[in-house]
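Student: Chains B and C: place on chain A using the hints.
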Amino acid sequence: MKATAGNQYLTLVRQGLRAEFVDKERLISPVLFALTMLVLFAFALGDLDQSLRIRIYLAETLLTAIFALQISFSRLFEPDRQDRVFDLLRTYPISYTALFLAKYTLVLILGSATLVPTMLFGAFLHQSATIQLFSWTVLGISLLALAGLGALGVLLSALTLKAQARQILYPLLYFPMTTPVLLAAVQSARLCLEVGLGSPELKSWLGLLAAFDTIYITLGVLLFTELMVES
Amino acid sequence: MLTSEDKREFVIGSFVQLLIILHWLMAFFYAPVDVNQGPVYRIMFLHVPSAITAFGSSLGLCVFSVLALRDRSERLMAWSKGTAEVGLIFTLLTLATGSIWGRPTWGTWWTWDARLTTTFLLALLYAGYLLLYGSMAPGTGRTRVCAVLGILIFADVPVIYKSVTWWRTLHQPPSMIREGGSTMDPEILWTLVAGILVMCIYAAWLVRVRGRNIMLADEIESASYATLSAP
Amino acid sequence: MLVISNLSFKFRHRRLFHDLSLTSGPGDLWHISGPNGVGKSTFLSVVAGLLNPSSGAIELTWEQKSVDDRRSHLEYLPAEANGLYLKMDAVQNLKFWSELRGLRLDDGAIFGALEPWGLNHPLLRDGFPTEKYSTGMKRRLALARLDLSPTPGWLLDEPLYGLDQQALTVFRERLRNHLSRGGFALLVSHDLEPFRDLITGSMDIAKKGGV
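Residue numbers (our numbering), protein chains in the order written: chain A, 6 to 236; chain B, 137 to 367; chain C, 207 to 417.
No wet-lab data here; the hints were simulated from the structure. Every residue, glycine too, gets a C-beta built ideally from N, C-alpha and C.
Derived EDC-like pairs: lysine to aspartate or glutamate, alpha-carbon spacing no greater than 16 angstroms straight-line: (1) C:Lys293 / C:Glu337; (2) C:Lys293 / A:Glu30; (3) A:Lys7 / C:Glu305; (4) C:Lys414 / C:Asp225.
With the Cβ distance kept under 8 angstroms, some of the chain A side facing chain C (calculated, not the full set): (5) Met6; (6) Ala8; (7) Gln20; (8) Arg23; (9) Pro84; (10) Asp88; (11) Arg89; (12) Val90; (13) Arg95; (14) Thr96; (15) Tyr97.
Examples of chain B residues toward chain A, derived with CB under 10 angstroms: (16) Leu205; (17) Thr253; (18) Thr254; (19) Ser271; (20) Val284.
Just chain A, same shape as in the assembly (with noise of 0.2 angstroms):
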């Protein structure tokens, strides 16, 4: 009388995804957000000196999607607060672990939708025509650092959950554990930007990242598990 984890876990991200789809304004305010706060430092910058635009182009678009991001993850867990929803999955014979994997996956999704148009169209407003701003491997890097700033996102919206003063409660938890994850990725980003692929710090950077976002997805698994057992 209860379906396999792999099974709940699909339900589960389906569910997710139509929750988003359901009500457009959860999918869209975070993109929209962002590409206007790109547009507010276009115009507060004004046109840039050639050495500088690939450090704003990274600071700009890295914050602005973090800021972002960190709207849609604190609000993860919303559709599942009305109706005491949450309290009902916790009485069905639910996998812990496929909860955690569908909701990071759900974020991974909905992250790149924000992350991928913020950093094109950061790309698009400052490039000239000495200056190459579009790498797919600085895509790589972003979506890299996404997966190690979801994990933590899921784990923090679900321990915030029955918390009251969330609003201020999560971005001061969340701004400073991703610390990591974001220093190794803008390090990354501009030296890829600036020294280019075959960088040896590079390779170190990145393989930080990779450490980090490892660390933080066993994490994110584990504890995620400890919230919501009452054993």
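Tutor: Same frame as chain A, but now just chains B and C:
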């Protein structure tokens, strides 16, 4: 009306205070004057022990959190909360002393030194922990959530530190703390070691006092409920 | 068969219920009674697995085998909430919950479940978010979910909340059906009239031991 327990606590507290006074005397009179920095260097005797205690508190927090998850007891949550409060106080003290030390020495109120940056982020995390603790009603829910956060914070501190250190080595700023036993006068070293010991004892005592306060408050609250409920 | 032994629950040092025991086998309908605020909903929450008791045990055996996770054999109906995704329609809600139980139901089966509750109208079931339902309609949808659930045990907390006379009659029939097929249920309800002839046992939460 003092009980014997009160008297015992008073004796312990006085002893701890005495240790601190002795250490301050040591710092001012036993340790020699530094040729380069002048008398201001003595703030190191406050700064370094504070930093060690601040980070040591995260270990304490983790230990109490793991035990609390296993035993689900409210008592351990009282100890955890006390540890987080003490941790917050010492991180703020570290930041303040670091800033005061930095100004006459290097001319700036703040520098993105790896250790200070990590301390700052740790302060945010302690604040977040306390905010979370305060925003949830007592019970197994809060125990689970705060214990998980306690573990997460401890696990994250070395990750944050490593990433910031890597980031800083690229920029090579002056280090806040000059290390190396060979360049340090033995008197300075001893004063420093003594300071670390005294500060740790002080912190442990604070945690003990605070933990017992919180448990007392819990007891009073439960007694007020006892008048309402039927036997 | 559900066996509850010496169940106690404390909330912030205040004891809500103490040393409760009951055994529920096929066909049993247990009435959980007690004055308001005494802990009847909490009791059902503990049995459902939402809360941990401070002491005592709950064991479930089915078809002579001990069940690891009793949630797979129990369906919980909360009081004053229905566990519905309010921005989704009736069909999406029912499909989701039944899928988690391992059921792959086609539209026909879903429509069949909605029919007795008067929710099978195309305008009501497709693309009509459940947040637009009335209180009674939402409750009826939750009861339709109960119908679809393959579990032998029902934990019912004020199931009649918001229901009109017709829906009440339908629910009585479904409950009778469920019990005669070998299912069992624990019931909290301030209105006992519809269930008088179905109740097989009663437990008073406020009394120690339930007697």
